[in-house]
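Chains as they are written, first to last, in the numbering used here: chain H, 11 to 153; chain U, 21 to 790.
Just so you know, not all the hints are guaranteed correct.
[Stated by the list, open to error] According to the in silico footprint, chain H covers these stretches of chain U (three or more CB under 8 Å from chain H):
1) 462-474
2) 517-524
3) 528-542
[Stated by the list, open to error] Chain H residues, not near chain U, derived (Cβ > 10 Å throughout):
4) Ser34
5) Asp37
6) Thr78
7) Ser80
8) Arg82
9) Ile85
10) Ala99
11) Pro105
12) Phe106
13) Pro108
14) Leu111
15) Ile115
16) Asp118
17) Trp121
18) Cys126
[Stated by the list, open to error] Partial list, derived from the structure: chain H residues whose beta carbon lies under 10 Å from chain U:
19) Gly39
20) Pro45
21) Leu54
22) Ile145
Please keep in mind that the hints were generated in silico from the structure rather than gathered at the bench.
The beta-carbon is built from N, C-alpha and C at its ideal position, and this holds for glycine as well.
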Amino acid sequence: MSQLFLIAQIAGRAVAIESGQVESVVDIGNIVPVPGADRQIHGLAALRSRVVTVVDTRVALGLEHSPTPSTRAVITHHEGHHYAILVDALEDVAPFEPTPLSSGIVLDLGWRAAGCGVIERDGEPVLVIDLRALIPGSTALAA
Amino acid sequence: MDDLLQEFIAETRETLEALSGEIVAWESAPHDRDRLDAIFRFVHTVKGSCGFLDLPRLARLSHAAEDVLAAVRDGHRTPDTALVNAVLAIVDRIGEIVEAIDVGASLDDSGEDLLIAALDKGGDAAVACAPQAQTPALRNATRSVRLNVDLLDRMMSGMSDMVLARNELARRLRDDDVEPGVEAALERLSLTVAEMRETVTRTRMQKIDALFSALPRMVRDTAAEVAKSVTLHIEGADVELDREMIEMMRDPLVHIVRNAIDHGIEAPAERRIAGKRENGRLAISARQSGNQIIIEITDDGRGVDTERLVAKVVAQGLRSEAELRLLSDKAKLDLIFEPGLSTKEEVTSISGRGVGMDVVRANVEQIGGRIELFSTLGQGLTIAIHVPLTLSIISTIGIGVEGQRFALPRQAIEEIVRVGGDAIRIDMLGDTPAATVRERRMPLVDLGQVLGFERDPLGVPMLVIVGVSGGSYALAVDDVLDTEELVIKPAAPAVMAAGVYAGQTLPDSGLPMLLLDCAGIAAAAGLHFTREALVDEVEVEDTADAGSALLFDDLDGARRLVPLAIIERIELVPGDAIRFSAGRLRLSTDSGIVPLVAMGAWQDRAAVAVLRLRDDDNEIAYAIAEALDIFALPAELVPAAEPGPVAGVVALNGEQVELLDLHWLFAHHGGDQTSAAPPVCLIDGADQAWMMTFLRPVLEGAGYRVASRLKKNESAAVVLTMDATLPAAAAKAPVIRLRREANAPADDASVYRYDRPGLLAALAQSAGGR
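One chain only, chain U, in its complex shape (with noise of 0.2 Å):
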C-alpha cells in the first residue's frame, strides 16, 4: 500500500505541476473546453486514487470540484470568476494535502467545508475567508527518482550492444589462445555484464500483479459502498509488463473495476429474478496472445443496452438519431466512449457520468493499445485491453525443429514429454497425427509441417504439450533446448503476416530468434476446439498437489519414484556428454558442468535420459534409463535400512517402488555451489601472478576464496606469500610462506611450491589454528 500512496503522491504532484499552465489558461478563458476538461480529468484521477487509497478529505474535496466541473461540462452552471476561484482554491489544497501526507505532517482541516461551500452558487464570499495557502516547510527528500522511459530504453539497447560486443569479443578470444589473466578478466566482464543486463530489464519490467493486488480491497469496499456483493477471480497475475504500460493501465482498470460493479453487476435482488446467483462474478484476467497482452474486465452483470445507449447519447444532443440508427451494433456500443455521456441516471460517488470510459480509452491508446468490448444484454459485459508487447519480457523454452531456433512462452507449456513407452504415443487416426499423453488424447500437431517441412509426424521424438484457449494441443518438435528470459518486439508485419510468430528477438548468441505463437500454430493446423462453457468453478479444495511423483525405470534396473515438483525438466542427452572429471560424474550443458548421479552404467547407451533436479541454486542431473508415468505419492513410506540415495518403499498399485532421497542426494550431490561465504585466502606480495594461475584451482578446490586484495571489512582467513618478508596483513591471519627451492634450509617453516600435500596441510593446520 505504501507503494501505491508514494506513486499516487509522485504522480499527483507531476499532474499538478504540468496542470499549473491549464489552470491559468483556464482562469483567462473559463469557457475553453480543453483546459476543462483536462481539470475536470485531474480532479476525477485524484478521486479514484482517494477511493482506494482510503484518503476521505481529498475524496471529498475531489468530489466536490468534480460535480460542479460536471455541472459547467453539462451547460448547467457558467464557470464566472467566483466558480473559477473556488476550483483553483480546492485544486490548490489538493497539492498541499499531498505534500502534508509524504512529509508525514497533519494538516488542519478547518478551511475545507468553507472550500466546498465556495463552489455552490453565490459562495464567493465564503472564498476570501478560505485558509490561504500554507506552503508546508519543506518536502520530503525523495528517495526515488522518476526517470523518462526513453532514458530507460536508450540504456537497454546500449545493454543489448554491449552482451552482443562481449560475446564478439569471447567468440574471438577463443579462436586463438589468450593467457589465463586475459580470460579472467573477460570472465568478469562477463559476470558484471550478466548482472548489469538484469538489472537494466528490472528497471522497467513489473509484475502486472502490482496492478492487481489492490484490487481485491477495492472490489470488497466498491460493492460494500452499493450494497451488492461480488466475486473476484484474476488469473494470470504473474505476466510481466512494461513498467509504464502498468502506470497507464491502473487508472483504466480501476475505472472499468468500478463501472462493473456500480453499473454492470445488478442489485441481488434483481438478479435473483433474473435467475442468477446473488453473487455477483467479476473475472479478471491478464495473457499474453500473439504480441500483445490483454486483459479482460468480464462481468455477469447486465450488459450494455445499446438501445438505450442511443436515446441517451440523443437526448443529450450529443449526436442526432438518424445517424446513430445507421450504426452497426458494435459501433453504437462503442458509445459508451462519447465523452460526457452517462448510462446510469443518477450520479454516485464511485462512478457515474461515464467519465471514466472516455478517459480510459484516452489512456490506453497513448500507449498503443485499444479497447474492445463485447456485451451480452442480460448476460454481462466483457472489456478486453490489448496492449502491445513492446520490451516486455517473457520467459520462454528454446526448442529446435529442421535445425532451426524457436522460442515458445512458457505460459502455454503445460509439460514437456518424449515419446515412447506406454504412457506416450502417436497414433494416426484416419490420416490425422493424435498424441495420447497418459491417457489424455489431443491433436498433434508438428510444428515443422506447420513451417513448410515435409515430415513424417510419427518420427518426433519430443512433444511440447501447449494449453491455448479452448484446449490443449500437442506440438512435435525435434529438439528442447533451454529456458531462456527474452525481450520480445514485433516483428515486420510480413513476418507476422505468417501467422505462427509472435515477435522476434536477439538473444545472447546474436543470431535472431522468432518467438512463436502458440494459438496461431493451432489455427495454422486448422485445430478447432470447442468452446467450454465459462463454469463456476465450486471453490475445489487444492488436493494435495506436493503428492505427484515420476515413475521411472533407474539404470540398474529398479523401479524408483522422484517428487514431481523437484523435476525442473528431463531431456536426452548424449552419452558422451557424461563424463568422470574432476572426481566424479559430471554432465556438460549448455550452461555449465552439472554434477551427475548415474545408479548403473550409462556408457553403452548413444542417449541417456536425464532428470535435471533443482533446489534453489543447487543443480544435479540424475540418469535414468526411461521415465514411465506420474502417480500420486502414495503417503506411507517404509523408511530404507541405512541413509542413502532411497528414501525407502512404497507400494504402488502392489509393488515395490522405490523413492529417491532428494535431501540425501542433494546433501552429498549437489556440492558445487559453495557456501555463502567460503573463508579468504589472501595471496600476497610479489608473484602474485603466479599464485593466481598456479595456485587457485588447488585453494578454490580446498573451499577458499582467493584473492589478492581484501575487500573492505574483509578479513583474510590465511595469507599466503612468496615473499621472505612478513606482509603486513600477517598480522591478522596465519600465514604460509612457499619457497621456489624443493630443499628448504633446516627451521625453515616455508612449503615447496609444487609441494601439494604439504600445502593442503600447512592450510588445514592453519584453520585449525585460528
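Pulled out of the complex, with its shape left as it was, chain H reads as follows (with noise of 0.2 Å):
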C-alpha cells in the first residue's frame, strides 16, 4: 500500500519522512540555546504562540554539529510537545511503497536507530526514517 512520503535532504543524504508524523515545514526564526541540555537540543524557537525545541538533526544521528545549521524545518508533535527537526533542504512530496530493509543491511551510527525502511525513487533507494527516533529523551519507539 502506498503512504505519502515527504523526501528531505539531511546530512547530503535523501531520507523519506511518512508524512503522517510531519505536522508543518518552517523556516526556524530566531533559536534561543538551552545551555545545559543535550547536544541534540539545538535550542527553543518561537512557531506563532508555541514553542518548539529544535532538534540538531545531524547530532542526533551521531554526526559532527555543522557549523552553519540550516533554519529548515519539520515540525513533528510527539509525546504533547512540538519539535522541530533542522533539515538540508525539501525535494518532494509524493507517494511511495515502502519496504522493509533488505536483510544485511547495518545502518551506521544514529541511523541504525532512525532507519526504519526504504522507498524506491526513480530506481533509487530513499532510506525511510522514523523522526521520534531522532527526538532524545523521548521513550520507547513504537515499532
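Both chains come to you apart, so use the hints to assemble them.
Here's what the structure looks like:
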C-alpha cells in the first residue's frame, strides 16, 4: 500500500519521512539556546504562539554539528510537545511504497535507530526515517 | 461563602444532569457496580460539601443514602426495587433542595423523614406516600456561565498569537517612518490587547487561597465534632493555579483534611500518653517545585499502620495475603487507595469508609497529578499532591547571564543585591566561593558555571538570594532585568533532563525563554542543606515590620535612610539613561520613562545605582551613590527644619542620618500619573487632525484629556475649534477658537494657532470662567 512521503535532505543524504509524522514545514527564526541540555537540542524557537524544541538532526544522527545549521525544519508532534527537526532541504512530497530494509544492511550511527525502511524513488533507494527516533529523551519507539 | 455555595449549586446541578442517565441505568440493572459507584460518589460528594457549607438537611439526606449504598457495596444489602426507589427519591430530593437554595425559596421538609425511613428494610410502603417531586416554579436566572476550559484554552492561545502579531506590526512600523495617526492607532491597539490579555489570563487563574480559605472553619468544626483540638497552619496561599485545577482539588483536599483529623490525629488523652502536645498540628502548604505545584497536607498524628492496613484488606477479601506480603512498604501504604477500604473500625459522619481516598486519587489523576504518601508510624502522615503547572501563571524576575535571558520564579527569591561594599562580599573558602550578605554566609552558585560557561565567580555584579527547601543560596547573575507575569508550560523532556529548568514560556519579545528551577540549580551545583527539623514556631509576635530601612550614601555625600517597604528594587543603570528632558530629570527604563530624583551629580558616573520606589501606580527613581546596609528604623525622629526631600534626622549607631520624606518625594516628583479623571478638552470641527497632532501634547501638558468625540455621560470642560461657526457642543462649555492668520481683525476673540502662551492663557481663563 502506498503512503505519502516527504523527501528531504539531511546531512547530505536524501531521506523519506512518512507524512503522518509531519505537522508542517517551516523556516525557523531566532533560536534560543538551552545551556546544559543534550547536544542534540539545538535550542528553542517560537512558532506562532508555541514554543518548539529545535533538534540538531546531524548531532542526533551521531554526526558532527554543522557550523552553519539550516533554518528549515519539519515540525512534528510527539508526546505532547512540538519539535522542529532541522533539515538541509526539502525536495518532494509523493506517494511511495515502503519496503523493509534488506537483511544484511546495517546502518551506521544514529541512522540505525532512525532508519525503518526503504522507498524506491526513480530507481534509487531512499532511506525512510522515523522522526521520533531523532527526538532525544523520548521513550521507546512504537515499531 | 456565597461563592462556595454558588459553586456547590452549579456543580450539584451539573452532576445531577450527568447522573440522570446513570440513575435510569441503575434502576434497570441494580447490580451494576459502576453505576452504583457513580451514584455513591455523588451522594458522598454532596455530603462532604454540605459539611462545610452548613446545610444540615442535605447532609442528613445524603448521609442516609450513603449508608445504604455503602451497605450495598459491602454486600450487606441487596439492591431491590424498594431500595433503588428510595435512593432515587433521595437523589431527586437533593436536586429539589439545591434548586430551592438557589432561588432562596423555602421547601417543606415534612417528607424527608419518610424518605429516609424508606431506605430501611421493608420500608417500601413509605415510598408511596413520600411527596411527589414538586418542581420549583422557576429556576434562578444564572449570573455566571460555566465555560468549557477548552474554549478558554483556545482563547488564550489566540490571545498569545494576537500579542505576537501586534509586536511584529510594531517592529515593522518602527522600521519605516509612519504618520502619527497610524502610531496612535497602534498605541490604542496595544492598550486593548494588553487589557484583553490580562482579562483572558484571569479567566483561567485563581489564587489557591480560593481553595484554602474555607479550611480554617472546616478544620475547627470537624475537630470539634470529634472532640479533638487541631492547630492549622497554611502556607503559600498566593500560589496561582488553573481555575479548573482548583475546582478539581476541592473535594480531594476536603477528604484528606477530614481524614487527617478523624483518623490521623489522636484524641488529646492518647496524644498525652504518646508524649505529644495535646493540640494536633495540621500543616497545609502549596508551593511550586519544578513544573509542578505541590500541595502538602501534614499531620502529626499516628501515621498509617501498614500491617493493620494489610490485615484489613485481607479481612475484607479484596486481595490475598500472600500477594500482599510481597509488596514493598510503599506499595502497602498505597493500599489505602483500594476502593471500598476503611482503616477505622467504626463509621463516623466525618470520613469513614475510606471512600475518600480512592475518589481522591481518581480526581487528582484526572488532572494529570499524582499523590504521594509519607508515613511514619506514631509520628504522622504527609500527603503530597503534585499537580502539573500547565498553564499556571507565575510572577517571575528576568535575569541575564552570558547574554541570554532566563526567568526565575519570584516566589523563590528572597532578595536581590549588588556585590560591593562591606555588607555584601564574595570570598573563596578553599576553592569554593561563598557569599556574605550582611553577615549571613551562604553558598554561592554561579549560574553561568551551572549552565556550562567558563567564568570567574568572583567577578559577578549581582546576587539573587534564593530560598529552597532546607536553606538559601546566592545565585550569581550578570544582570537583573525586570519582573514579568508569565504563562509557563512544560518543556520537552530532553530540555527538562538538563535538571535546571522548570518550564518554558513565550514572553512578549517573541523569543522563547526558559524558567529556571531553583531547587534543580542547587542540586546541579552540588549544594547540600541539612534539613532542619520541623520546629514548632511558638506564636512569634510580629515585630513591627514597617521599621526596616535601607542606609545608603547619597550622591551629595550624605548618608540617608529610606524605608525598605517602598523600594521595589535597586538597579544599576548606565549614566546616559538619565536625561534632563521635558523640564525634569528622567530615567529611561525597559518599560517606559520614570521621573528621577538626584541630589547630586551623576554625570561623571558610568553607571548609577538607582532605587526604584513605588507607591501604587506612582513610580519614581532615586539615584544614589551606594546602598550600604539595612537597619531597623529608629523610633525617634527629629523633624527637618522645613519640608523637603528629607523628613528629618535619626540617630543610627551614634551617627546622624537623614531619613527621606517619601510623602514629599512622591508629591513633588511622582506626578507623571495624571489624576483619575482629567478634564476633557473636546476638539471639534474641521482640522481635527491638525489639532490632534500639534496641540495634543500642549493640552495634555496643561492637564487635559484630549478627545475628538465625547463619550456617553461625559462633558467637555473646554471646546477647541478652528471653524468660524460655533459647534453644537459649545452650548455647554467655553469655546476657544483658533485661527490660521497671525494677525487678527480687531474684536476677534480667537487665538492664533501657533500662539502657545495665548492658548494656555485662554485655557486658564476658560477654567476660571466655569
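Determine which of the earlier numbered hints do not hold for this structure and return their numbers in increasing order. none
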